[in-house]
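Fit chain B with the ligand to the known structure of chain A by using the hints.
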Amino acid sequence: MKQEIQDLDVLIIGGGPAGLAAALRLRQNGIENILIAEREKQPGGILRQCIHDGFGLTRFREMLSGPEYAERFIREAEALKIPLLTNASVTEITPDRVATVVARDGLRTYRARAIILAMGCRERTRGALAIPGSRPAGVFTAGVAQAYINLYNRMPAREVVILGSGDIGMIMARRLTLEGAHVQAVFEIQPYPSGLTRNIRQCLDDFGIPLCLSHTVTKVHGERRVTGVTVQKVDDGFRPIPGTEQFCSCDTLILSVGLIPENELSLGAGVKLDPHTRGPIVNERFETSVPGIFAAGNVLHVHDLADYVSLEAEELADAVTDYVTGKDLPDCSVTVTCDKNINHVIPQKISLRESINLSLRVNRPLADVKVAAVQGGDVIAKKTLKKALPAEMISLHVPKDRILPGKELEVRIL
Amino acid sequence: MRKTITCIICPNGCLLSADVSEPGTDAPVTGAENPRSIDSPVTGTGCPRVIDSPVTGAGCPRVIDSPVTGAGCPRGEAYFIQEITDPRRTLTSSVLVKGGELPLCSVRLTDPVPIARIPDVMKEIRKMKVEAPLESGTVLIRDVLGLGSDVITTKTIRRITAAQ
Ligand code: SF4
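Chains as they are written, first to last, in the numbering used here: chain A, 1 to 414; chain B, 415 to 578.
Just chain A, same shape as in the assembly (with noise of 0.2 angstroms):
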């Protein structure tokens, strides 16, 4: 049977943060046709489960837990009666911008002139860092505790050793224990945390959860259930060093060792990524190699706020604003690259249009640096920081008019 094709002006796949604010900007600025399709049963994304606090101190000036953000932005969509499609899986997206959906009601097809990637992020699992050792149950993702206590009311542990210092895995740590169970401990194969200081202070000083950096798990314990770990300290270059193993006995391990950009549908659409961020290569309105396709939030590279989500979404939906009624960008001569200190920088691709703000991440702890943009010798824009953690997004604004055409920008640590 030859499915229908319907005709949208803008497609958003994912209604989490970066989606929903897309799509409301989208329709402030007058762009009517557009639809978000949503995997889950209801939009929000990610942050339904986060009933943490700390979100919206940017966007909204003021303190929410992750739900309450979330359904700011769900209010304002239904009051616009923007079309979400829930329950609805993008199964393929074509270089020409057809996108393939599974629905409730069966399969559908959309053309669509420019596409909005919102799929946001997924965790790293044991898989992904090759822990030895038997599969007992009691291996969980941070996300994934954080789904059974926050969503669905299951304890999934007792005794808790948490892998990986990441922001989830440290307000894990605080939600188990605030829920009755024992955290140990939390390892962290760096010998820096790679989450935000804050929450080491209140998810963990505050329950005298012990951090200990430069440590990991070399071993799970365990035939049916997780019986324990063994933990050994690493030396510089990560090697478990013989004779510090040591036993801890527990029923879970939780990992928080990083998030990674959900790129499958792009990649078959052909978009190019960028190795470092694991996300689209993009320029500086977010549309990525693909003509049409743009990406914002963790699809893009994985963001330490979810306001800061938000925000990048809604710049975003500017420049497709553009797109869909024709003002199209300048050739973008300008490539932007990094070095060593630095992880990543977004975008990775410049025209001279317009002045732009440069997000990067450096790759250790630095203090006292200055981050700057240089191109050919010339610094062109720099910032001074006190300190620079590889847990916290760092953004250098770059002036239009000093920005030179044809020439590679250098973003270096100073």
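Do not rely on the hints blindly, as some may be mistaken.
[What the hints assert, rightly or not] The list that follows gives simulated cross-link-like pairs (lysine-lysine, DSS-like), each with its CA atoms no further than 25 angstroms apart:
1. A:349 to A:272
2. A:387 to B:512
3. A:387 to A:407
4. A:272 to A:233
5. A:327 to A:383
6. B:417 to A:386
7. A:272 to A:407
8. B:512 to A:41
9. A:370 to A:383
For the record, the hints were derived by calculation from the structure and aren't laboratory data.
This is chain B with the ligand only, laid out in the frame that chain A set:
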């Protein structure tokens, strides 16, 4: 004694520090010896103390002997003083819901409460059972344990219908 605390008021996480003395371990602090002077009482604390008066008694075991450095905004200093005199935290959790499309509704406190009372507040929250539908922002417990903070819902939960 130099004390350093990470500010947890916003995600910037500024590293705040100041000289702090504890009564009994340091010389008594008087206004004259105290270089720090705050013009108005720090608001929002359980401790309406002005730094340049001598500090006595319970609730205020410590005093600051120097300006608070490292704060990215004025809230940092207020937080520092709050933290060494009467540390408080907010709390988020969830309550059981009957007849809702989810078994739980997330909740939070509207204002921070003393850290030591967090377990007691958790107990109060755990006792709650509510019926769907629920609007986000509904007050479930007003002035919980007399601590001046309300427990409110943070999620809208629809009632499950027979058709579902
Ligand atoms: S001092 Fe101000 S800017 Fe710094 S963390 Fe505290 S509230 Fe945020």
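For the pair supplied as a hint, residue 327 (chain A) and residue 383 (chain A), confirm whether the alpha-carbon distance does not exceed 25 angstroms. violated (32 angstroms)
Are the Cα atoms of residue 387 (chain A) and residue 407 (chain A) separated by 25 angstroms or less? Violated - the C-alpha atoms of residue 407 (chain A) and residue 387 (chain A) are around 30 angstroms apart, more than 25 angstroms.
Is residue 272 (chain A) close enough to residue 407 (chain A), meaning Cα to Cα at most 25 angstroms? At roughly 21 angstroms apart (the allowed maximum being 25 angstroms), residue 407 (chain A) and residue 272 (chain A) satisfy the hint.
Could you grab the alpha-carbon distance between residue 512 (chain B) and residue 41 (chain A) and see if it respects the 25 angstroms cut-off? holds (19 angstroms)
Agreement of residue 387 (chain A) and residue 512 (chain B) with the hint, judged by alpha carbon distance not exceeding 25 angstroms: violated (48 angstroms)
Is the straight-line distance between the alpha-carbon of residue 417 (chain B) and that of residue 386 (chain A) 25 angstroms or less? Distance of about 19 angstroms is within 25 angstroms: holds.
25 angstroms Cα cutoff - pair residue 349 (chain A), residue 272 (chain A): Between residue 349 (chain A) and residue 272 (chain A) the Cα gap is close to 13 angstroms, so the pair holds against 25 angstroms.
Do the alpha carbons of residue 272 (chain A) and residue 233 (chain A) lie within 25 angstroms of each other, as the hint requires? Outside the cut-off at roughly 38 angstroms; violated.
Measure nothing beyond the straight line between the CA atoms of residue 370 (chain A) and residue 383 (chain A); if it is 25 angstroms or shorter, mark the hint as holding. holds (5 angstroms)
Taken one by one, the earlier hints fail for this structure at numbers 2, 3, 4, 5, listed in ascending order.
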